[in-house]
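Visitor: Take a look at the letters that make up each chain.
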Amino acid sequence: MAEEKEFKNLVIQGAIYKTTFTKKFENRVNYETPNENLIYSFIPGTIVDIFVKTRQMVKEGETLLLLEAMKMENQVRMPFDGQIVKIHIKKDEVIPKRHLMIEIKKA
Amino acid sequence: MSLRSNVLDLRKRKREVQKGGGDEAIEKQAAMGKLTARERILALLDKNSFHEYDLFVEHAAKDFGMEGKTLHGDGVIIGTGTIYDKPVCIFAQDFTVAGGSLGLMHARKITKIMDHALKMRVPLIGINDSGGARIQEGVNSLAGYGEIFFRNTLASGVIPQISVILGPCAGGAVYSPALTDFVFVVENISKMFITGPSVVKSVLGEEVSMEELGGARVHAEITGNAHFYAETEMECFDQIKTLISFIPRSNLKKALAHKPKAPLKGVKIEDIVPSDPRIPYDMREVIKSITDGSEFFEIMEHFAPNIIIGFGRMNGETVGFVANQPMVLAGVLDIDSSDKAARFIRYCDAFNIPIVTLEDLPGYLPGVDQEHAGVIRHGAKILYAYSEATVPKITVIIRKAYGGGYIAMNSRHLRADFVFAWPGAEIAVMGPEGAANIVFRKEISEAENPEEMRQLKIQEYKEKFANPYVAAAQGYIDEVIEPRETRARVLHALKVSENKTSSMPSKKHGIPPF
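Note that the protein sequences, when read in sequence, are chains U and X. No gaps in the numbering here: position 88 of the first sequence is 148 in the working numbering, and each next residue is one more. No gaps in the numbering here: position 289 of the second sequence is 896 in the working numbering, and each next residue is one more.
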């Protein structure tokens, strides 16, 4: 029962309220500002092919890899002119959603 | 053949068909901890009240070796009966017959009883236990689902529609329950999803069990697709019967009145609520302190528990309660609670049930997740629902009513008929802490001891604005009342609202922020 639960603090507009949290609230994902140098998978799937190597210079729009999901081959492209810093995946690897695939940096 | 032998022949035929999928299939059903479709109907309806139709319907499939097969009743039982002597139409899918799969004739039976329910203006109860579309019947089974969904929509707001999920209900089939007013689920038995675990795994590589993906608890707690959760089928049937006792049989009727009862003695309303607005309490206790017999029938108890919705009776008449729950997330409005309350308000409005709102909230929940998930449009639903509702609407501000939350919770400005406030109520744009920080920013930052100054200014703001008298001076609140007067004031307000006439401008329909 709620009475036996330990109360938690919820701050709303400067006031601290004693209350309990729902599971859904506790499991919410905290927002992080996206890091443009990290390329994550936007869908779970299989890495069909990787076209770049570490330290390679790549132009904006060039295809970095193919990620197959939902029976579609998705081309993952370079967002800006830059260099491949590190590749975290292998060919034929099955990866979940929001998995770090490639680190890059601006030219 | 003599008439006598005709009758005997009829009885023999009935016995045969009533066995559904036969003994073996019935045993399997029992092994899964499930009652059969027929047992369910008999357990739910008044004794000896069930009358069946279309018992002898045969399936229409001609392909894939189906032409020689017999499917008793084509996997669904339809009929009429009574609950507490009130008529209902009912269908129950029979999992023992071809997995309760839906073919053309199966769907035709369901739509027949739906048409009947709508024509006769009586509640419709659907018991779902089906593997889904009967693949051998191809597009005819899809057509069947479509015909059902269409009728669900036609009947929405005209007759109560109740869906009981007592087995799998997957793929397109889930949209019939989703279109109905109340969905009942039972632990370990109910399964609802658009795509099952095997498809989720093969396409997305995500491993999840049926129970985790779409079990009873998931729908009662996380998705909000279910309104009532029970541990056994019998408990579920009791919940359905209680619900039926609270609601009218159609939008043309009022719910039947019961014998008026006083709340239980011993509950002192003023002892429930702490005066410090930051300390929680269980709002259900406040509701129970003013309802007949201190009874409250909560709906969606486990989903978005920061708002409470449900039925109680006052002076014997059904009342819909909407109340913030300070015990959970301080009673804030957020996406889920707005959605939950808005749908309930529209239900009450459609079925002539007055709404009593008990208010105690610090506002809307802040957070990137809320904003990005669309708290603006979801939060707008509750404003829309209250504004649109023309049934009697009564608000009691128990403790705090800040900002957008104050407006949203059936304020005078959304055409509440009566607004009362307890003497400790704080009606303000925001709480004293937040307000003092903004209004007296300069004084606080320039003070020798800023914290001391802040506390001083918070106190000053509290005395000046955080009370019910500023709003009462504007007539936004009709009366500041003593807590112990609450039941009497609400009862009187309901009484004088009995013949309320109020209407919206003529229109085809509004465009709520779905």
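Keep in mind that the hints were calculated from the coordinates and are not lab data. No residue lacks a Cβ here, since even glycine has one placed at the ideal position from N, Cα and C. Certain hints may be false.
[Claimed, not checked] Cβ-to-Cβ under 7 Å is the rule here; a few derived chain U residues that face chain X:
(1) Leu-70
(2) Gln-73
(3) Ala-75
(4) Lys-78
(5) Thr-79
(6) Thr-80
(7) Arg-88
(8) Tyr-91
(9) Phe-102
(10) Pro-104
(11) Ile-107
(12) Gly-121
(13) Leu-126
(14) Val-154
[What the hints assert, rightly or not] In silico BS3-like cross-links for lysine-lysine, where the CA-CA straight-line distance does not exceed 25 Å:
(15) Lys-1069/X <-> Lys-151/U
(16) Lys-1069/X <-> Lys-157/U
(17) Lys-146/U <-> Lys-166/U
(18) Lys-84/U <-> Lys-157/U
(19) Lys-84/U <-> Lys-808/X
(20) Lys-1069/X <-> Lys-78/U
(21) Lys-1069/X <-> Lys-131/U
Visitor: State for each hint whether it applies.
Guide: Results of checking the hints against the structure:
no.	hint	verdict
1	Leu-70	holds, 5 Å
2	Gln-73	holds, 3 Å
3	Ala-75	holds, 4 Å
4	Lys-78	holds, 5 Å
5	Thr-79	holds, 4 Å
6	Thr-80	holds, 5 Å
7	Arg-88	holds, 5 Å
8	Tyr-91	holds, 4 Å
9	Phe-102	violated, 12 Å
10	Pro-104	holds, 5 Å
11	Ile-107	violated, 12 Å
12	Gly-121	violated, 27 Å
13	Leu-126	violated, 16 Å
14	Val-154	holds, 5 Å
15	Lys-1069/X <-> Lys-151/U	violated, 64 Å
16	Lys-1069/X <-> Lys-157/U	violated, 49 Å
17	Lys-146/U <-> Lys-166/U	holds, 13 Å
18	Lys-84/U <-> Lys-157/U	holds, 20 Å
19	Lys-84/U <-> Lys-808/X	holds, 23 Å
20	Lys-1069/X <-> Lys-78/U	holds, 19 Å
21	Lys-1069/X <-> Lys-131/U	violated, 61 Å
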